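Chains A and B, in that order, are what the protein sequence lines are. Here the first sequence stands for residues 1 to 383, numbered as in this note's numbering. Here the second sequence stands for residues 384 to 664, numbered as in this note's numbering.
Because the hints were derived from the structure by calculation, they are not lab data. Keep in mind the model is a prediction, meaning the values are calculated, not measured. Be careful, since some hints might not be right.
Stated by the list, open to error - Which residues of chain B face chain A? A few of them, derived with a C-beta cut under 8 Å, are:
hint : residue
1    : 496
2    : 569
3    : 572
To be verified - Straight line, CA to CA, 27 Å or less: simulated BS3-like cross-link-like pairs of lysine-lysine:
hint : chain 1 : residue 1 : chain 2 : residue 2
4    : B       : 651       : A       : 129
5    : B       : 555       : A       : 129
6    : A       : 107       : A       : 76
Where is the CB? At the ideal position from N, CA and C, for every residue including glycine.
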Amino acid sequence: MSFLRFENIRKSFGSFRAVDDVSLAIGKGRVFSLLGPSGSGKTTLLRMVAGFEQPDHGRIFLDGEDITDLPPERRKVNTVFQHYALFPHLSVRENIGFGLKMAGHGKAQIRTEVERMLQVVDLATHADKRISQISGGQKQRVALARALVNRPQVLLLDEPLAALDLKLRQHLLAELHKIHDEVGITFLYVTHDQSEALSISDEIAVMNHGRVQQIGSPQEIYEKPENSFVAAFIGDTNFLSGTVTATAADHATVQLDDTHVITITADVPLKAGSEVHLSLRPEKIRLCPVDEPPPAAHQHFSAIVEEIYYHGAFTRCRLSSGARRWLVDLPHQHASTLMPALAKGSAVRLHWHAADAFLLHSYHADDESIEDQLDELPHTTAP
Amino acid sequence: MKRQELRASLPSLLWLIVFVALPTLMIFGIAFKPANSQGGIAPGWSLAAVKSLADPHVPLILWRTAWISLATTALCLVLALPVAWTIARASRAWKSWLLLLVVVPFWTNFLIRIFAWKQILHAEGLLARTLKQLHLIAPDATLLYQPLTVVVVSVYSFLPFAILPLYAAAEKFDFSLLEAARDLGASRLRALYQIFLPGIRQGLITAAIVVFIPMLGSFVIPDLIGGTDSEMIGNKIAQRNFSDRNLPQAAALSAALTLIVLIPLVLKRRAETSPAPPTIR
Chain A
1 MSFLRFENIR KSFGSFRAVD DVSLAIGKGR VFSLLGPSGS GKTTLLRMVA
51 GFEQPDHGRI FLDGEDITDL PPERRKVNTV FQHYALFPHL SVRENIGFGL
101 KMAGHGKAQI RTEVERMLQV VDLATHADKR ISQISGGQKQ RVALARALVN
151 RPQVLLLDEP LAALDLKLRQ HLLAELHKIH DEVGITFLYV THDQSEALSI
201 SDEIAVMNHG RVQQIGSPQE IYEKPENSFV AAFIGDTNFL SGTVTATAAD
251 HATVQLDDTH VITITADVPL KAGSEVHLSL RPEKIRLCPV DEPPPAAHQH
301 FSAIVEEIYY HGAFTRCRLS SGARRWLVDL PHQHASTLMP ALAKGSAVRL
351 HWHAADAFLL HSYHADDESI EDQLDELPHT TAP
Chain B
384 MKRQELRASL PSLLWLIVFV ALPTLMIFGI AFKPANSQGG IAPGWSLAAV
434 KSLADPHVPL ILWRTAWISL ATTALCLVLA LPVAWTIARA SRAWKSWLLL
484 LVVVPFWTNF LIRIFAWKQI LHAEGLLART LKQLHLIAPD ATLLYQPLTV
534 VVVSVYSFLP FAILPLYAAA EKFDFSLLEA ARDLGASRLR ALYQIFLPGI
584 RQGLITAAIV VFIPMLGSFV IPDLIGGTDS EMIGNKIAQR NFSDRNLPQA
634 AALSAALTLI VLIPLVLKRR AETSPAPPTI R
C-alpha cells in the first residue's frame, strides 16, 4: 500500500530537465532513499514533496490526498535541510518548538513535547544554547528534532549528513536508524552517498539525469544492478562485455575477446551471437597461485598484479591479463594467506563463480568512467 | 598590547574630544550663560536660556519634530524593506544596477532636489493641477507648506540611507530559513515577521537610527518645503541663532535635542547587550 506516491512527475528549470517522468510509490513507515549524483533530480523531487517546487506535470499524493497544490505550511511533512537552516536568533529549545508554536499549541504542551524531543536526540543539556554555540553534529540533531517534534507523516531528509565528517556521519546514521525505529515515521532520504543509502534504507531509487534507474532493496540494487549506471554508481565493478557464442539451459558461453571466454549463468534466454554486458563486483573475485587449480565452476584467468592498495579491512588490487584490466578486493584474511605470491608484478590466477557475474539489462559505455563524469559535476559543499 | 591599542586609537580619540565632546560640552555650558545684546555671551551664569525652554511653543515644536521624524523613519523602513529584499534576491548582474539606481540621486545636489520637489508640489505645478482637475483635492488646497509635505520630501531624501543598511543585512540573510519556517507551518507573512525581520534586526536598527537622528536636527527641508505650522526644532535653533542673535537660547534648544538623540542610542546599546545577541551568521 503506497503512502507517498509520485505520478509521472516532470520538472524543468529553463532548458535543464531536472525530473523526467518519475513515478514512485513509497510504503508507510519505510525508509526510502533517492540516491544519485548531483543534478540527478533527487533533491527536486524532495522539494516537491515539501512544497518548495511545483512539478510542471504530474501529481503527488500523500495518504491518498493530492498535495501537489498545497503550500508548504499546509503539508504534514517536515524537512531536515542539508545545511540545517536553523534559526540563529532562537535557542535550541525555541528552534525545536517553532513548528508547534506555528500550529498554535499551548505553552505547556510545547514545553513537554520539546523536552521529550530533547531527550530523544540527547540535547537536554544544550536546550538553552544559541545555535552558534553548538557543534555541527548537534546542529544536525536539532534540525532532526525540530522536524520530528511535529510528528510529520513523512520526514524529508535532504543530504542530512553531507556537511559532517566521516566518523560523525557514521555515528549519526546509526542514530537516525534508531530514531526511525522509535518513531516509525516514513523517511524520504535524499543522498549522493551510496554507503549511507545502502545502510539506512528499506528501499532505494537510484536516479540519474532526472530518471529513476532502478528501484529495489539495498541488496537488489547492489547485487542485481539492472544497468551499467547503477552497477558503476553503487560501489565499484568490473564491466565484462562480449558476444554469446553458445547457450544451454541456464548458462551461456560468452567471448569477451580473443583470449577471454567465460561461462555465465543467465536468468533470461540468450541468443547466440547477441551482445551482452555483465557486472562483476571486485569482492566476488578471488586470487590463487597460478599453479593451483581454481574451484569447480569457477571462471579463471592468469593475470599480472599491477597495483596493490592496502585498505585495512580489505586489500584492493589492480591486475591485467592481456589488454584487460581487473579490479579485485580481497578480504584481509585472504590477502595475508596469499602474501608471498601477492606482489607487484607477480603472476596470479584470478577466479570467480559463474553466477557472480551479473547480466545487465542495459549498458552505456560512458558509465565505465563514471568517477570522471561525477567529478565534473558542480559539487554541493558545506559553507 | 594595551599600549599599542591606545597609540593606534589616539588620533581618532583626540579628534573626537576636540571636535565632538568639547563642542557638545560647550553647548551645554553656553545654555547656562546670559546673552548679551551683540549676540554673544555675557559673563556670569544664568538660567534664563534654560527657562526659555518652558515657552509653551517649545514642547509643541519638540512634539512636532518627534512625530515628523518618527513618521519619516517608519515610512522609510516600510518602503526600504521590499527594495532591500528585492536587491538582495536579485541576480549578481542586476544587483549592481539596482544598487546604482539607489545611489544615483546623490549625484544631484541636495538643495536642487528639494527645489525640484517645490516645482512638483507647487500650486500651479503639474501634480497639483492634475489632482485638481481629477477633483481629488479641493481647488484651493495646497500641497506645499504642510507638515505632511515635510514628511514626504524627507522620506524621499532619506530613503537611500534606509535602503543601504537594510540591503546589507538582507544580503547576509539566509533565505533558506524562510523555507524552513514555511516547512514548519508558518504562513508567508508569519515567516516574514518571525524569521526575516529578526534576522535583519541589526539592519533595521541601523536604518532607523540613520534616518531618525538626522531627521531630528533637520531644518533645510522644513525651511524650504514646510509652512509656519511645520517648523521643527532645527528651524527654531537656526532662528534663535541667526535672527534673535541669542546664543544661550539656541544652545539650550540644541542641548535638549542632543538629549533626545541620546535616548535612541542608549536604547540601541541596550538592545545590543541584551541576552539575545543579534549576530547573524
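Those earlier numbered hints the structure runs against, lowest number first: 1 and 3
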